[in-house]
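Working from the sequences, and respecting the hints, build out all of it.
In order, the protein sequence lines correspond to chains X and F. All residue numbers for the first sequence refer to the numbering used here, where the first residue is 1 and numbers rise by one. All residue numbers for the second sequence refer to the numbering used here, where the first residue is 1001 and numbers rise by one.
Keep in mind that the hints were calculated from the coordinates and are not lab data. These numbers were taken from a predicted model, which means no experiment stands behind them. One or more hints might be untrue.
What the hints assert, rightly or not - With a cut-off of at most 25 Å between alpha-carbon atoms, the simulated SDA-like pairs for lysine to any residue come out as follows: (1) X:Lys177 - F:Ser1008; (2) X:Lys95 - F:Trp1019; (3) X:Lys36 - X:Tyr12; (4) F:Lys1168 - F:Asn1183; (5) X:Lys5 - F:Asp1172; (6) F:Lys1121 - X:Leu19; (7) X:Lys5 - F:Val1173; (8) X:Lys40 - X:Ala163; (9) X:Lys40 - F:Leu1134; (10) X:Lys2 - F:Ala1177; (11) X:Lys51 - X:Val224; (12) F:Lys1058 - F:Leu1068; (13) X:Lys2 - F:Lys1121; (14) X:Lys36 - F:Asn1122; (15) X:Lys177 - F:Leu1011; (16) X:Lys51 - X:Arg226; (17) X:Lys92 - X:Leu74; (18) X:Lys2 - F:Lys1178; (19) F:Lys1121 - X:Gly43; (20) F:Lys1225 - X:Ala39; (21) X:Lys177 - X:Ala163; (22) X:Lys5 - F:Leu1166; (23) F:Lys1225 - X:Ser222; (24) F:Lys1168 - F:Phe1095.
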Amino acid sequence: MKRLKRILADAYLGIIFLLMYAPIATLMVLSFNSSKSRAKWGGFTLDWYQKLLDSPEIMEALMNTLSIAFFSALIATVIGTLACIAINRMRKSTKGLFLALNNIPLLNGDIVTGISMMLVFIAFGITFGYGSILIAHTTFNIPYVVLSVLPRLRQTNRSTYEAAMDLGAAPVQAFVKVVLPELFPGILSGFLMAFTMSLDDFIITHFTKGAGINTLSTLIYSEVRRGIQPTMYALSTIMFIAALVLLALAGRPKRKKEAV
Amino acid sequence: MKIKKNLSKTLLAGPYLVWMIAFTIIPLCMVGVYGLTDRTGVFTMDNLTLLAQRGYMKALLLSLGLSLLSTVICLALSYPLAMILRSRGNGRKGFMVFLFILPMWMNFLLRTLAWRTLLEKNGVINALLDLMGLPSLQIINTPAAIVLGMVYNFLPFMILPVYNCLMKIDNDVINAAKDLGANAFQTFFRVILPLSVPGIISGVTMVFIPALTTFVISDLLGGGKVLLIGNIIEQKFTTANNWHVGSGLSLVLMIFILISMAVLNKYDKNGEGNAF
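What follows is the structure, encoded as structure tokens:
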């Protein structure tokens, strides 16, 4: 009975895993397909990986995507972490209000966030392009940072900070040397979460980018009607593998610590 | 001295507060202004009452129906999954997040498009069904495919909060219930389920809202045949160039969003969510 239960549970986990990863496997297979059609297998090829480097359009979109993801996550991490220190000290009612506002971009539909920012960029006279996308991405990234840093901050022991001050450290010094290392796992996971969300965003970018600039998402969207170039599959396969390796490396020491 | 210290600490929230006002609050007010005026800038409710027209109403009701269905399916899939993972012990939280965040590194549009390849008339799934002698599945370009796309894309947003919430339940509480004579059924319905409500609520809002407002999934898997409210709003802003109507319809969506926020705040006392 117990064994049967375990087998059923494993089967269930397997099915969900299959659901999550079936499309990814499909894209990986398609990246090696010599036929341009999504529906037909034309034999194995590495051509698309080669052509990737010859496509300035894709390379430019890739650079935009990565740099926007990096800088928006970085700015969000700084603003969000600073805000957390203040939020942690706020009175309960102020804190509740602040966090409710913090939740708006998370809960608001992307389409509403996107069009609302588009309207405000026009009203403020902000030029559409790299900068407007960066602002938009930073806006939806800060809440993720706040939600990962704040619980960590609450767990940190205040007396270590005070001990550092008693031992003659200046407040900033005490913060950098004592509090920051303790917060670091939260900050890192907030940064990675923000980076990933920015990377995967389409809807908000769609409304805030203006003409003449593309991220991978918007480039793919513009290709949907005329057919996606298989080079895109090749690129996303590379990115997926890179993420797998990077996140596995980043996750390893942390898991070890948790086990202790 | 103490007040000064606290003040300087509070100032650290300043940059975020300014950012929030400029890029979250003012933008939402702008949607309100556009939604409640016409092209000449005169106040009107027309952009909202437009919804009573058949085409708009149909899209809204369809969106509500499909997103509710997706939310229910996500919950039904996630809860047993989270229970199984809970029973498999601690120390796996990082790995779980990793497993469900990782797919996001493969572009959202490509992942959704991949379902076309899988679901098409001569697609992978039908080839497999054929091999097993089963009847073929014709769901591409129908609302069913859209529901599948929604469930696929938003499932992680249900799994993570439910899982995190279940992991927070102390084993002692469950053991106490058992010691006091509760059977498995009672333990679940009277102890575990009530304690996991905050996770369920936060999962439900995080699936329902994106599903309700999407236009991409219906675009890619509905083959342009199924119009959701999100599609109509998107068209108003991009092709039809009627921002006032688009904003008015967005205001209607914001009503549903506000309801979800209110419910969420009621159950999530410290306002920190359960998602991550």
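Now the hints, each set against the structure:
Taking the CA atoms of Lys177 of chain X and Ser1008 of chain F, the gap is about 19 Å. The hint holds against a cut of 25 Å. For the given pair, Lys95 of chain X sits about 17 Å from Trp1019 of chain F by alpha-carbon distance, which is consistent with the 25 Å threshold. With a C-alpha separation of about 35 Å, the suggested pair Lys36 of chain X and Tyr12 of chain X falls outside the 25 Å cut-off, and the hint is violated. Taking the CA atoms of Lys1168 of chain F and Asn1183 of chain F, the gap is near 21 Å; set against the 25 Å cutoff, the hint holds.
A threshold of 25 Å between alpha carbons decides the hint, and for Lys5 of chain X with Asp1172 of chain F the separation of about 23 Å falls inside it, so the pair holds. Annotation: proposed proximity of Lys1121 of chain F to Leu19 of chain X holds, straight-line Cα distance about 19 Å (limit 25 Å). Of the pairs offered as hints, the one joining Lys5 of chain X and Val1173 of chain F holds, with about 23 Å between alpha carbons and a cut-off of 25 Å not exceeded. Pair hint Lys40 of chain X plus Ala163 of chain X does not hold up; C-alpha atoms about 67 Å apart against a cutoff of 25 Å.
Using a Cα cut-off of 25 Å, the hinted pair Lys40 of chain X and Leu1134 of chain F holds, with the two alpha carbons roughly 22 Å apart. Restraint check for Lys2 of chain X and Ala1177 of chain F: satisfied, since their Cα atoms lie roughly 21 Å apart, inside the 25 Å limit. Taking the CA atoms of Lys51 of chain X and Val224 of chain X, the gap is about 19 Å. The hint holds against a cut of 25 Å. A hinted pair counts as satisfied when its Cα atoms are at most 25 Å apart, and Lys1058 of chain F with Leu1068 of chain F qualifies at roughly 15 Å.
Straight-line distance between C-alpha atoms of Lys2 of chain X and Lys1121 of chain F comes to about 41 Å, which puts the hinted pair past the 25 Å bound. Only pairs whose Cα atoms come within 25 Å are accepted, and Lys36 of chain X paired with Asn1122 of chain F is accepted, the gap being roughly 16 Å. At roughly 21 Å between alpha-carbon atoms, Lys177 of chain X and Leu1011 of chain F fall within 25 Å of each other, so this suggested pair holds. Under the criterion of a C-alpha separation no larger than 25 Å, the hint pairing Lys51 of chain X with Arg226 of chain X is consistent with the structure, at around 18 Å.
As the CA atoms of Lys92 of chain X and Leu74 of chain X are separated by approximately 28 Å, the hinted pair breaks the 25 Å bound. With a C-alpha separation of about 18 Å, the suggested pairing of Lys2 of chain X with Lys1178 of chain F holds against the 25 Å cut-off. For the proposed pair Lys1121 of chain F and Gly43 of chain X, the alpha carbon gap of about 21 Å is at most 25 Å, so the pair holds. For the given pair, Lys1225 of chain F sits about 21 Å from Ala39 of chain X by alpha-carbon distance, which is consistent with the 25 Å threshold.
Annotation: proposed proximity of Lys177 of chain X to Ala163 of chain X holds, straight-line Cα distance about 12 Å (limit 25 Å). For the hint linking Lys5 of chain X to Leu1166 of chain F, the alpha-carbon distance of about 20 Å falls within 25 Å, and the restraint holds. With a C-alpha separation of about 19 Å, the suggested pair Lys1225 of chain F and Ser222 of chain X falls inside the 25 Å cut-off, and the hint holds. Simply put, Lys1168 of chain F and Phe1095 of chain F have alpha-carbon atoms about 17 Å apart, close enough for the 25 Å limit, and the pair holds.
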